[in-house]
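Colleague: One letter stands for each residue in the lines below.
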Amino acid sequence: MQMDFHYYATYCAAYLAGYSHEESLDIAYSAQFVDHCSRTLLAKIKGPSNAATTQLQLEMMDARTDPVGLQDITRIWSSFHFLPKDLYAVKPKCSKRYLHKYRLICGPNGDLIKKTVELAKGKPLQSVGIAMHVLADTWAHTYFAGTPSLVINNTNYEFYEMFPEGDGYSEKRVTFRHKTSVPDDPENSIYTNSLYQRSENTIMNLGHGRAGHLPDYSYARYRYLPAWGEYEEIVKDNPSDYMKAFTQMIYAMKFIRGDIDTFETEKYDTQAVEGRKDRIKEIIEKRQLIASDDWKAFGEELSGKPVTEYAMDAYFEEYTGSSDEEKDDTFLGKFTQGAIAHKGMVINEIFRSKNPLAGFAKLKKIKED
Amino acid sequence: MTPFQRVRSILLGLVMLGFALLFILDHDEDSYRFIVFILAAAMTIKGLKDIFFYFTMGRHMVGGKIILFQGVIIFDLALFTATLSDVPKIYVLLYLIAIHAFSGAVEILRAMEARRTVDGPWKVKFSHGIVNILLALSCLIFIKQTNTALIIYSAGLAYSAVIRIISALRKTAFVVIR
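Residue numbers (my numbering), protein chains in the order written: chain R, 1 to 369; chain P, 370 to 547.
Wrong hints could be hidden among the right ones.
As the list claims (entries may be wrong) - Cross-link-like lysine-lysine pairs, in silico, DSS-like; alpha carbons within 30 Å at most: (1) P:434 with R:85; (2) P:492 with R:96; (3) P:415 with R:91; (4) P:434 with P:494; (5) P:434 with R:96; (6) P:415 with R:172.
Please keep in mind that the hints were generated in silico from the structure rather than gathered at the bench. Remember, predicted model here, so these are calculated numbers, not experimental data.
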């Protein structure tokens, strides 16, 4: 997902869940900041490097792909962008090595998303934003894994975009190219994807790189052959999934606020969008590369207040200007604490499932005076 | 690349360079056999690795059979290479010409593909391709000279060693944060 959903749509969902305008902006900022909090950025503001929630393209190009390097990549991408759906998934007659990767395939409504949302309860708004980023991405990044893997994440030429027509759909084969300097061309179904690389662990085979940005576009409906799918086609209906993501975010945030006692998977707050469903559907289904303006306008209609543009460096000065003792109480201090807590939880759950791909997290005991 | 990886890469490059110089300056029948052995061993490992990868991972992948075919072909080539020590050197030269020309063409095609992307490191690939084609041409030109195969192979080895050392010394885009 992109800024349109992680920032503006998250703002709308938070507001509909009952948060104030200011609180909703903080949640939205935190959700979007997950896509920017790289080690490079943390080094710049002198933050803890283990709080990284993403990797820059250049960082990844420089990353090692030996077992330790792979664990580092997997920790970040599986925790924040490709949350595994089922860490105990069964695949008959396959090697352990294959099974470990297979079990990291992302999807919504898994046990880990329940734990993610529960972990954010009672925590600062920054943790709520992080959880909403993770939750939303489970819908967009379904069927791909947050670890480099050819055998899981590869796609081939059997990739068709689907367009509603009458009672059914018309189809057009997607043309993939490798020009990152040229924007995607939805009119002609031409999209940029990563290069095919034969090596299992190359960074080119991380996540949905081989399917380009199609999973990130809310309007996209497509069918394709996932590498892990045993030649069974999958139809991905983003408009339907994005609507579920939006209504599940509202439901999750109502739980975090304490309006609901328990968080259950497969539950969506459709009531909160009653009367606004067509408007949301219209934004989601509009064929455009970024829907920020539409979501922003919708958010301003909801709250009656201006939704400020996302400014990545909004809290840098507060953080860098604080002493070491004060840092944890700053906006970014709370964000990094939330990120470390979430990452630790996911790594430990993966490790508990006897999957070595993310390594393990150490519990740091703090001595009390 | 970590400092340890850099040091390891530089050391390996220096060892390769040493062998290349040794073969060029002091070539005899044993060094010829040694090179054929190394080639065969490298291809055997690669072929077996591909076959193993297919049975443990690739067989579940859509289109994964191509990995098995590739592994079998490379393994087959490895076995063929291993038999070359007993055949006239002219066949070894023809074999080297075919190998270098083919891999050179593939590298150039890959480089052209990578060039279309902003981040594709295409220049190194392209130069690899050109060097391979030049090596193939050299084999063809000096086909009648004795020990050509050894010298050509050594030149290729020296080139790989230098590229490895240069890559290890290359400035990385970002400081690794610990």
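Colleague: Each hint: holds or not?
Modeller: Quick rundown of the hints versus the structure:
1. Distance restraint check for residue 434 (chain P) and residue 85 (chain R): the Cα-Cα separation of roughly 28 Å lies within the 30 Å cut-off, and the hinted pair is therefore satisfied.
2. With a C-alpha separation of about 38 Å, the suggested pair residue 492 (chain P) and residue 96 (chain R) falls outside the 30 Å cut-off, and the hint is violated.
3. Restraint check: the Cα-Cα separation between residue 415 (chain P) and residue 91 (chain R) comes to about 28 Å, which is no more than 30 Å; the hinted pair holds.
4. A hinted pair counts as satisfied when its Cα atoms are at most 30 Å apart, and residue 434 (chain P) with residue 494 (chain P) qualifies at roughly 26 Å.
5. A hinted pair counts as satisfied when its Cα atoms are at most 30 Å apart, and residue 434 (chain P) with residue 96 (chain R) qualifies at roughly 20 Å.
6. In summary, the hint linking residue 415 (chain P) to residue 172 (chain R) is not supported, as the alpha carbons are separated by about 39 Å, beyond the 30 Å threshold.
Checked against the numbered hints above, the structure breaks hints 2, 6 and satisfies the rest.
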